[in-house]
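Which chain is which? The protein sequence lines are A and B, in order. Position 332 (the first sequence) corresponds to 332 in the numbering used here; numbering is contiguous. Position 335 (the second sequence) corresponds to 335 in the numbering used here; numbering is contiguous.
Think of the hints as simulated: they come from the structure by calculation, not from any bench. Treat the hints loosely; a few may be bogus.
Identical chains blur together in the list; that is why a pair holds if it fits in one copy or across any two.
As the list claims (entries may be wrong) - In silico SDA-like links for lysine to any residue, alpha-carbon gap of 20 Å or less:
| hint | residue 1 | residue 2 |
| --- | --- | --- |
| 1 | Lys56 | Asp167 |
| 2 | Lys232 | Ile250 |
| 3 | Lys232 | Phe252 |
| 4 | Lys232 | Arg269 |
| 5 | Lys232 | Ala347 |
| 6 | Lys232 | Leu253 |
| 7 | Lys232 | Glu173 |
| 8 | Lys144 | Glu116 |
Residue strings, one per chain:
Protein chains: 2
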Amino acid sequence: MATPCMRVVAATLSPALLGVAACALGLGGGCSSVRAVDVPQVACDALPSWREGAAKERIVDIVARATAAGSPEFVPVEDRIAVFDQDGTLWAEQPFYVQLAFAVDRVKALRDAHPEWETEEPFASILRRDPRAVAAQGEAAVAKLMAATHGGMTVDEFRATVRAWLDDARHPETGLLYRDMVYQPMLELLAYLRTNGFRTFIVSGGGTEFVRAFAAERYGIPTEQVIGSEAKFVYDADGPRSEVRSTGEIVFLDDRVGKPIGIMRRIGRRPTMAFGNSDGDLEMLEWTVAGDGVRLAAIVHHTDKAREWAYDRDSKVGRLDRALDRAGGDGWLLIDMARDWATIYPAATARDR
Amino acid sequence: MATPCMRVVAATLSPALLGVAACALGLGGGCSSVRAVDVPQVACDALPSWREGAAKERIVDIVARATAAGSPEFVPVEDRIAVFDQDGTLWAEQPFYVQLAFAVDRVKALRDAHPEWETEEPFASILRRDPRAVAAQGEAAVAKLMAATHGGMTVDEFRATVRAWLDDARHPETGLLYRDMVYQPMLELLAYLRTNGFRTFIVSGGGTEFVRAFAAERYGIPTEQVIGSEAKFVYDADGPRSEVRSTGEIVFLDDRVGKPIGIMRRIGRRPTMAFGNSDGDLEMLEWTVAGDGVRLAAIVHHTDKAREWAYDRDSKVGRLDRALDRAGGDGWLLIDMARDWATIYPAATARDR
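Bound-form chain A, shown alone:
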């Protein structure tokens, strides 16, 4: 493994300018601190949790081609956009989405105020059984669950609720805090891309406000760079207490064709790079590499039964089937978690285990 980056921030650079810099975010990678753009990346290894091999080489090569002055494939800073799916790409999604676990726990927390839920679906199943029962009831049940558990609050109240839950909600199998089941190699990749002038966006099928609740703290990604499924908002005009509230009703599904559409609506241009892990990301990946110039479509392939989970074509959550077929023929990068990642979770997560 190459030397991890150990750079000091130049005293003349203000913290404001370093919002793009990897290590100011304390993401825990090999870098303790890097200066944002003018430090040659060849001098150190910004991706220490990535094993040497084709995947890492290809990422580093594309960044070099996109950013080297005079490169025929140079991408101007304003066009350096990298988009990341969340569930299964930045953090774990098995055996069910974290947001579903949150909704289930909200039902339990609100149970006393809703005696009718003891017999009303999908709440009754949730109160008696495991979260997977809801998914089996179909989209209408999920929508009902979302409205009941995600709506009726201001956006700020909702995010605070999510953050409080994440502070101690643990995964039923690993016993880890959900919030610590983020992928260390992807944290390093986010920081590495920002160090090279890319703006990093999350493009999640999950709820925008759910992800915004922790995206800055976990991934160094500000609220305006989180794209997700959207609930209906209403404006509650009340003079000095005016607020925007969420009804919880889903009005935009940021999945499949919704991903390129959501990216164009929100970012307004085609990304240079897109990272996903399931068929829900297929259109985003396809559209990304359909652009001119240097582009990358990459899939995190869950192959690591020992350290995480191994699943693809037959999984109910994060199914990777059509996109896996496409990957080979279209030259998309397949990131093999077992082979390519030296570490799965951050060191702090392991200590917490």
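Place chain B on chain A using the hints.
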């Protein structure tokens, strides 16, 4: 007038980091180039086109309180968001919105391909009379006009069409290029706020893609920081030619209550400052100052019949009536164009006249 800023960019700062800096954008203000954050702003006048007076003093004072280390009203960089209406706030809107002039010219350009328009409304009126006739026909006519002139293209094609039109479309009364009728004091204000760590967003009732076509070049604002009314997008999956297209059908109106809702959807937090000029901005202004801590709601009041236009309560375009009533009682800043602005348009515009 104080000395305009003349600063040299430090050699250790890369161009990438200076995307936020005012003068790299060539906006033509008093600054030729400023270092982004660590240059004391008291040393020079970043707002040379603003006359000394209460409006300028209040803006400079609020920026100082929000950014000074140790200030009780310090606003962290991640929360420094400033939002700007476009029509009538960043550029002229009389006697009709520029986007309407574009739509009218598109009808004329597409006339030969649509012989049915010679008798079909609203096209027939447009081909015979002035653009104001369309507005008089109501929302359905406007929607029909928008779909016919803004839809059926990829987003990139649409923006290229707008840019080509702006290159030589001129205002019927002033004879100036529409693109040059931007307000010099507001260009300086955008640059000044960015220099102080604010992220500047446009929040326009106009079409998002129309504004995105020129926002980077005119205002230094990238596509992801343009919020506006939205047309329906569709994903056109076609392998290596996959594209996002616009139908031209308006699905989100970013006006009145739509502005705080659009800001929360897109930015994800309440701005520190909001600038508008009409009743369409009332909810955005009200919601902005309803937040805790230092906030500013400001209205550009069109009082300058000699150099621009004078209008407020009775204007069909950009009516300022309810918001003008609110401004006094709620402590909003009224920017009096005739009194507060030494210059209206950039120097290059005057030379072009």
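Each hint tested on the structure:
{"no.": "1", "hint": "Lys56 to Asp167", "in the structure": "neither (33 Å within a copy, 45 Å between copies)"}
{"no.": "2", "hint": "Lys232 to Ile250", "in the structure": "both (6 Å within a copy, 17 Å between copies)"}
{"no.": "3", "hint": "Lys232 to Phe252", "in the structure": "both (9 Å within a copy, 12 Å between copies)"}
{"no.": "4", "hint": "Lys232 to Arg269", "in the structure": "between (24 Å within a copy, 16 Å between copies)"}
{"no.": "5", "hint": "Lys232 to Ala347", "in the structure": "neither (38 Å within a copy, 45 Å between copies)"}
{"no.": "6", "hint": "Lys232 to Leu253", "in the structure": "both (12 Å within a copy, 14 Å between copies)"}
{"no.": "7", "hint": "Lys232 to Glu173", "in the structure": "neither (34 Å within a copy, 43 Å between copies)"}
{"no.": "8", "hint": "Lys144 to Glu116", "in the structure": "within (14 Å within a copy, 47 Å between copies)"}
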